[in-house]
Structures are given as C-alpha cells and as structure tokens.
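Chemist: Residue numbers (our numbering), protein chains in the order written: chain P, 30 to 148; chain E, 147 to 488.
Keep in mind the hints are simulated off the structure, nothing from the lab. Heads up, the beta-carbon is just placed ideally off N, CA and C, and yes, glycines get one too. Just so you know, not all the hints are guaranteed correct.
As the list claims (entries may be wrong) - Once the Cα atoms are required to be at most 27 Å apart in a straight line, the calculated DSS-like pairs of lysine-lysine come out as:
1) P:Lys73 / E:Lys216
2) E:Lys384 / E:Lys360
3) E:Lys212 / P:Lys82
4) P:Lys104 / E:Lys212
5) E:Lys360 / P:Lys125
Said to hold, decoys possible - Below, a sample of chain E positions facing chain P; criterion: calculated Cβ distance under 10 Å:
6) Lys159
7) Ala197
8) Ser200
9) Ser209
10) Pro229
11) Lys233
12) Leu243
Said to hold, decoys possible - What the simulated footprint calls covered on chain P by chain E, stretch by stretch (three residues with Cβ under 8 Å from a Cβ of chain E suffice, anywhere in the stretch; the number is not a length):
13) 85–99
14) 135–143
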Amino acid sequence: MVPRFWRKIKYRYEILTSFCENCGNHYYPQREICPKCRREGVLKEEKVCDYGKVLSYTVVNGRTIALVEFDNGAKMLAEVCGKVEIGKKVRKAFRKYGEDGDFGIIYYGTKFIPIEEQN
Amino acid sequence: MIGIVSYGTYIPKFRIRVEEIARMWNEDSNAIKQGLGVSEKSVPDIDEDTATMSVEASREAISRAKIDPKKIEAIFVGSESHPYAVKPTATIVGEALGVGNYYFCADLEFACKAATAGIQICFAMVKAGMINYGLSIGSDTAQAKPGDALEYTAAAGAVAVIVGKDPIAEIEATVSYTSDTPDFWRRDLQPYPSHGGRFTGTPAYFRHVISAAKKLMESYGYTAKDFDFAVFHQPNAKFPQRVASMLGFSEEKIADGMLVRAIGNTYSASSLMGLCGILDKAQPGQRILLVSFGSGAGSDAFAIRVTDKILEYPRNAKVWDKAKNCVYIDYGLYLKHRRMIK
Numbered sequence: 030m031v032p033r034f035w036r037k038i039k040y041r042y043e044i045l046t047s048f049c050e051n052c053g054n055h056y057y058p059q060r061e062i063c064p065k066c067r068r069e070g071v072l073k074e075e076k077v078c079d080y081g082k083v084l085s086y087t088v089v090n091g092r093t094i095a096l097v098e099f100d101n102g103a104k105m106l107a108e109v110c111g112k113v114e115i116g117k118k119v120r121k122a123f124r125k126y127g128e129d130g131d132f133g134i135i136y137y138g139t140k141f142i143p144i145e146e147q148n
Numbered sequence: 147m148i149g150i151v152s153y154g155t156y157i158p159k160f161r162i163r164v165e166e167i168a169r170m171w172n173e174d175s176n177a178i179k180q181g182l183g184v185s186e187k188s189v190p191d192i193d194e195d196t197a198t199m200s201v202e203a204s205r206e207a208i209s210r211a212k213i214d215p216k217k218i219e220a221i222f223v224g225s226e227s228h229p230y231a232v233k234p235t236a237t238i239v240g241e242a243l244g245v246g247n248y249y250f251c252a253d254l255e256f257a258c259k260a261a262t263a264g265i266q267i268c269f270a271m272v273k274a275g276m277i278n279y280g281l282s283i284g285s286d287t288a289q290a291k292p293g294d295a296l297e298y299t300a301a302a303g304a305v306a307v308i309v310g311k312d313p314i315a316e317i318e319a320t321v322s323y324t325s326d327t328p329d330f331w332r333r334d335l336q337p338y339p340s341h342g343g344r345f346t347g348t349p350a351y352f353r354h355v356i357s358a359a360k361k362l363m364e365s366y367g368y369t370a371k372d373f374d375f376a377v378f379h380q381p382n383a384k385f386p387q388r389v390a391s392m393l394g395f396s397e398e399k400i401a402d403g404m405l406v407r408a409i410g411n412t413y414s415a416s417s418l419m420g421l422c423g424i425l426d427k428a429q430p431g432q433r434i435l436l437v438s439f440g441s442g443a444g445s446d447a448f449a450i451r452v453t454d455k456i457l458e459y460p461r462n463a464k465v466w467d468k469a470k471n472c473v474y475i476d477y478g479l480y481l482k483h484r485r486m487i488k
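Full structure from sequences and hints, please.
Modeler: The structure is reproduced here in structure tokens:
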C-alpha cells in the first residue's frame, strides 16, 4: 500500500495535468500520450488553477463524490466537503483521504469545497 | 531589512458554543464565558488535521506574495498535534506546496510557541544568507479531555508566515525567555494533555510573557508607548488582557488581535493568528509587540514594524471575516469531528 500511494502523491497533492500543445487540451490524471492527437500530441506538465465547477455528482456512503471541471477543461473525480449541486463553483482544498488503520500511513490529497462555504 | 514577507491563515468553518459543552457537564455556561472571555471555539472537519490546515494557510501566504514556491528553502511546522509521532508534517506541506526537494525542513514542538521559534530560525537563516525565504507554520487541532476545563477553549487553526528580505513587516528585534516550568504537558502515547490548573498562571504564562517582553524593551530601548499594537498568546481572553495591562498596554492596542474571543485557543497558531488580525489593518510605520508563550515553558518576544510594502500587499480575506464565517455544530458532531467516536 505504501509505494502505491507514494507514486500518486505528486498528482494528488498538487493537481498536475497533461497539456497537449498540439490540440490545446488538458488531461487529468496525466497521460503518456494525448488521447485525441495520439502520436501527434506534444504533452507537457501543467498545474491547474484553484477553481472548478461541478459537472455531476453522486453520494456514496454519506460522501459526496463529484466530477469537477477546472477552468482549463481538465476533469477530476474527487470528494466535495459540503452541499453541492450541478454547476456549482468549487475550490480545491488539501484534506485527508483516509488512513491505513491505526498503525499505517495517512493518505492526503485534493478535495473540493463549495465556494460559498469556503473560509 | 528582514521580516515577514507574507502571511496566510486558516480557520476551520465549524464552531461549538461554550453553552453546548457546558450542557454536557451540567456547568454554568455564563460563569465559564465570563471566566474565560471565550464564547465559542473552532472545530476541524473530520478530514482536517495539522498537516491539511498548514497547507491551506501556506498556500494563501504564497499566493498573496506571488512567490515562486521553489524559492522557499526552509519549512518548519510548529504544533503539538502533529498527525504522526514519527514522520514529519513539514515534508507533507513541502510536497503539497511544490517547493521541490532542496529545502531545510523540521517539525518543531514547544507547546504553543513552536511557530514563533520557527520564525526566529527562519530570520536567522535569512540573515546568515543560507536561504531566500523561510516558511514557519503554527498549526494545531488541539486536544482536550472531555469534561476538562481545556475543552471550552482547545480549538483548531493554522498560520503560515514567510520570512525573507524586503518585508511587509520588519522584525526589528527578538528575545526569548525560557525555563523548566511544568505547567502543561502530554506524556508520550497519551491522547490528552494535563495541566497544573492555577499553576499555569503566575509562574508560567505571566512570568514568561512579562520577562520576555521586558527584556526586549530593555535591550532595544523600547517602551510600551513605542508600540501601536500588542499581541500575546491567548489561552483564554483574560490572560492576554491582564498581561497587557501589567505591561502598560490599553485594551485598544490588543483588541484587533484578540481572535481567541471568536475561535478559542488555536495553540501553536494562537499568538500568530492575533498578529495576522493586526497585520490585516496595520499601516506603514506602526509597530507591533508580539509575545508568544509555550508551556514547559518559554516566550518569544518580537518588535515588528510595518513597512510601506504593506500598502501594495493583498490583505483579503481578513482573519476576522474568516472567524465570523462559521457553521455551528452540537456536541455529538463535535465528538465525531474530533474522532472521539468513530
């Protein structure tokens, strides 16, 4: 479990997307090749901005999981802390994802907060 | 000129009122509110801890100053509620901020004054030419045993201070006063701290805060009149009020920093949260006295002078607005948020 999480730290803590210089699209998680341009694509790493909007959401075991689109078009599936509706603006936040029992490591990553609930 | 280049704060949005806690223990809430001068305290969300709040406060500090995170070459996190007993919080913060891998880093622990010690270390490192910018963070999700007097004030919050050259507030001088005084402690592997009751007052808080402040003034030739604002560590509202009057500061000079009234004692973030409340409105040329207190015990005193650079520095959202923007929860939810029930 530890190495599996460690490999994801880079793009869970800071949201890094793949930007294709050929088609101008952003992808999250990062890709090896551009899904649209395939071999013609030229990918480089780019950070997303802090804000996005909710495209859709579902509630699983009391947790709200939303598909959030960043202003640059990259999409991310993550938990939203607070009440949400489709189209609502959200801000990214650094939160705990969970922990591996009482003895294991603590998982951190990016979640979202509805804008009017941010503080 | 070396000092505070930027600052950021984070206060969780949840609050619990003193009345709600007093209801559980059949205590007189009015007497408690009067005795402490605190009416409610901040409570973290279930997925928030010292590391997450540190990151949020630091991100605000970095974005306000528009500093390239890679130029931050030292990170110190002061807390008494680090998520791990062994494994630094500061590395989690460094990774989330994207500072790269070449940076000095350590977690600090000195009860509620670890972050002002971090500022002193950053100040010295910038002065020595070892780093461009240093980040010192005070962050705590304070623990309190249910039913203990601490439960009314033990709150959560974080402050991040970036120290460097060309500051918005120059650190003119700093002095520390330290002694072995066991007024408040938490033994290894114990979930809640213990304290010496009234012993936390005169021999601990007052002796250290006053000794550090007086030494700073004597050594550098200041009097109380030289300071436009003063901020002291805030375990409750009464202690800083009393120490202010003992040192010759009026109620007006401390009012802007008295965040404890709205959010309780944020431990390692407490005195710095007050400093940020003052920096949010201070004008160039104004001087601030900051004195932290950490049980065990010690105080760090600072003379801080606001520079012209603060006029072009973005100071929204203000700390007091963050303190007022809140959602109240009951005792059951409080226990869940603090993970006392799972």
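Chemist: Does Pro229 (chain E) meet its interface restraint, that is, does its C-beta lie within less than 10 Å of any C-beta in chain P?
Modeler: 6 Å, holds
Chemist: Are Lys159 (chain E) and chain P close enough, Cβ to Cβ, to be under 10 Å, as the hint says?
Modeler: Given a least distance of 5 Å, the restraint on Lys159 (chain E) holds.
Chemist: Has the region 85–99 of chain P got at least three residues whose CB is nearer than 8 Å to a CB belonging to chain E?
Modeler: violated (count 0)
Chemist: For the pair supplied as a hint, Lys104 (chain P) and Lys212 (chain E), is the alpha-carbon distance within the 27 Å limit?
Modeler: Judged against 27 Å, a Cα distance of about 26 Å means the pair holds.
Chemist: Using 10 Å as the Cβ threshold, decide whether Lys233 (chain E) counts as touching chain P.
Modeler: Given a least distance of 8 Å, the restraint on Lys233 (chain E) holds.
Chemist: Does the nearest C-beta of chain P fall within a distance shorter than 10 Å of the C-beta of Leu243 (chain E)?
Modeler: Cβ of Leu243 (chain E) sits 8 Å from chain P, so the hint holds.
Chemist: How about Ser200 (chain E): closest beta carbon in chain P under 10 Å, or not?
Modeler: Status holds, d = 9 Å.
Chemist: Go through the hint on Ser209 (chain E) and say holds or violated, using the shortest Cβ distance to chain P against 10 Å.
Modeler: 8 Å, holds
Chemist: Does Lys125 (chain P) sit within 27 Å of Lys360 (chain E), going by the straight-line distance between their CA atoms?
Modeler: 43 Å, violated
Chemist: Quickly compare the C-alpha distance for Lys384 (chain E) and Lys360 (chain E) to 27 Å and report which way the hint goes.
Modeler: Judged against 27 Å, a Cα distance of about 20 Å means the pair holds.
Chemist: Quick one, are Lys212 (chain E) and Lys82 (chain P) close enough, alpha carbons at most 27 Å?
Modeler: 25 Å, holds
Chemist: Given the hint that Lys73 (chain P) pairs with Lys216 (chain E), test it: the Cα-Cα distance must not exceed 27 Å.
Modeler: 19 Å, holds
Against the hints set out earlier in the document, violations occur for numbers 5, 13.
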